[in-house]
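According to my numbering, the sequence shown is numbered sequentially starting from 1.
Among these hints, one or two may not hold up.
Simulated crosslink set (SDA-like; lysine to any residue; CA at most 25 Å straight-line) [what the hints assert, rightly or not]: (1) Lys-92 to Lys-146; (2) Lys-146 to Arg-39; (3) Lys-225 to Leu-188; (4) Lys-165 to Arg-39; (5) Lys-165 to Gly-193.
If you are wondering where the hints come from, they were derived from the structure by calculation, not from laboratory data.
Remember, it's a predicted structure, so these values are computed and weren't measured experimentally.
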Amino acid sequence: MKVNPHIFRGYDLRGLVDEDLSPEIALHIGKAHGTFLKRLGHKKALVGRDSRATSPIYAQKAAEGLASVGLDVVDIGMQMVGMYYWSQHHLKIPGGVFVTASHNPPQFNGFKLANDYSETLVSEGMQTIRQMVEAEDYDEADKPGKITAQDIKSAYYDYVLSRIKIGRKLKVMVDASNTSSGQIIPELTRRAGCEVVEYNTKIEPDFPLGVADPTEEYIMERMKKEMAECKADVGFTYDADGDRIGIVNEKGEPVWNDMLVAIFAKDVLADHQGAIIMFNTLCSKAVPQTIEAAGGVPFMWRTG
Numbered sequence: 001m002k003v004n005p006h007i008f009r010g011y012d013l014r015g016l017v018d019e020d021l022s023p024e025i026a027l028h029i030g031k032a033h034g035t036f037l038k039r040l041g042h043k044k045a046l047v048g049r050d051s052r053a054t055s056p057i058y059a060q061k062a063a064e065g066l067a068s069v070g071l072d073v074v075d076i077g078m079q080m081v082g083m084y085y086w087s088q089h090h091l092k093i094p095g096g097v098f099v100t101a102s103h104n105p106p107q108f109n110g111f112k113l114a115n116d117y118s119e120t121l122v123s124e125g126m127q128t129i130r131q132m133v134e135a136e137d138y139d140e141a142d143k144p145g146k147i148t149a150q151d152i153k154s155a156y157y158d159y160v161l162s163r164i165k166i167g168r169k170l171k172v173m174v175d176a177s178n179t180s181s182g183q184i185i186p187e188l189t190r191r192a193g194c195e196v197v198e199y200n201t202k203i204e205p206d207f208p209l210g211v212a213d214p215t216e217e218y219i220m221e222r223m224k225k226e227m228a229e230c231k232a233d234v235g236f237t238y239d240a241d242g243d244r245i246g247i248v249n250e251k252g253e254p255v256w257n258d259m260l261v262a263i264f265a266k267d268v269l270a271d272h273q274g275a276i277i278m279f280n281t282l283c284s285k286a287v288p289q290t291i292e293a294a295g296g297v298p299f300m301w302r303t304g
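Generate the whole structure from the sequences, applying the supplied hints.
Laid out in structure tokens, this is it:
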């Protein structure tokens, strides 16, 4: 099948809707990745997606492709990508597809191709999938696998809440930028005992407020105004698939991501002295200094 080779990137597959991607291409990606997984010994595959307009049909076609080679497919529907990775462990299904273009504009979509627990294909693996699609090198099954839907939200909420304890009732502002996080984070936060103020939690696949990327200054400025209005203790926002987070304090000031890494590192090292803490090249020198001071070993690595 003819496909734009440039959509097969270092860590995922991403391109323009209708120009680079289509339901037919999603089907072929499912067939190729399903064959790849099957040759590794996988029997099942997990499918999830973000809230983009084309994500439902792309996820459906990817699932059909996975099933066509004989894999039984579990479709967990619209989720944040972290919930997809958690579901791999919860359902014991390490391989599959998550449909998303992350923080890209709405005219884009894409695919994360999982090949193991919390692990996705990177450069060499992505090129293997490209070659399989181009050659239509698929192991079609005499009997296709089953596709079943499963709601994992309640189980995920229970898991998260079993691992956290909030010392006092907080007032939390959530600005979901009209992404899937708006259907998840407010409910989870309320279950944790917090008061929640919601902004932009309705799903809008075309992202009318602009690209859902917490690193964008205009989003931080919007959150500052929202915090002044609602007087919350802390505010959260996310990108389209929920693997980027933006946090502001009670004054509406950003809590930068390298500071979050330092905070999380101190928490981990309180119980795991000597642990190696990995961080990326975007972090300031405060991160390795904090890790060393807390008894850990800093390890810088590339993003992805």
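Quick one: which hint numbers does this structure break? Sort them smallest to largest. 4
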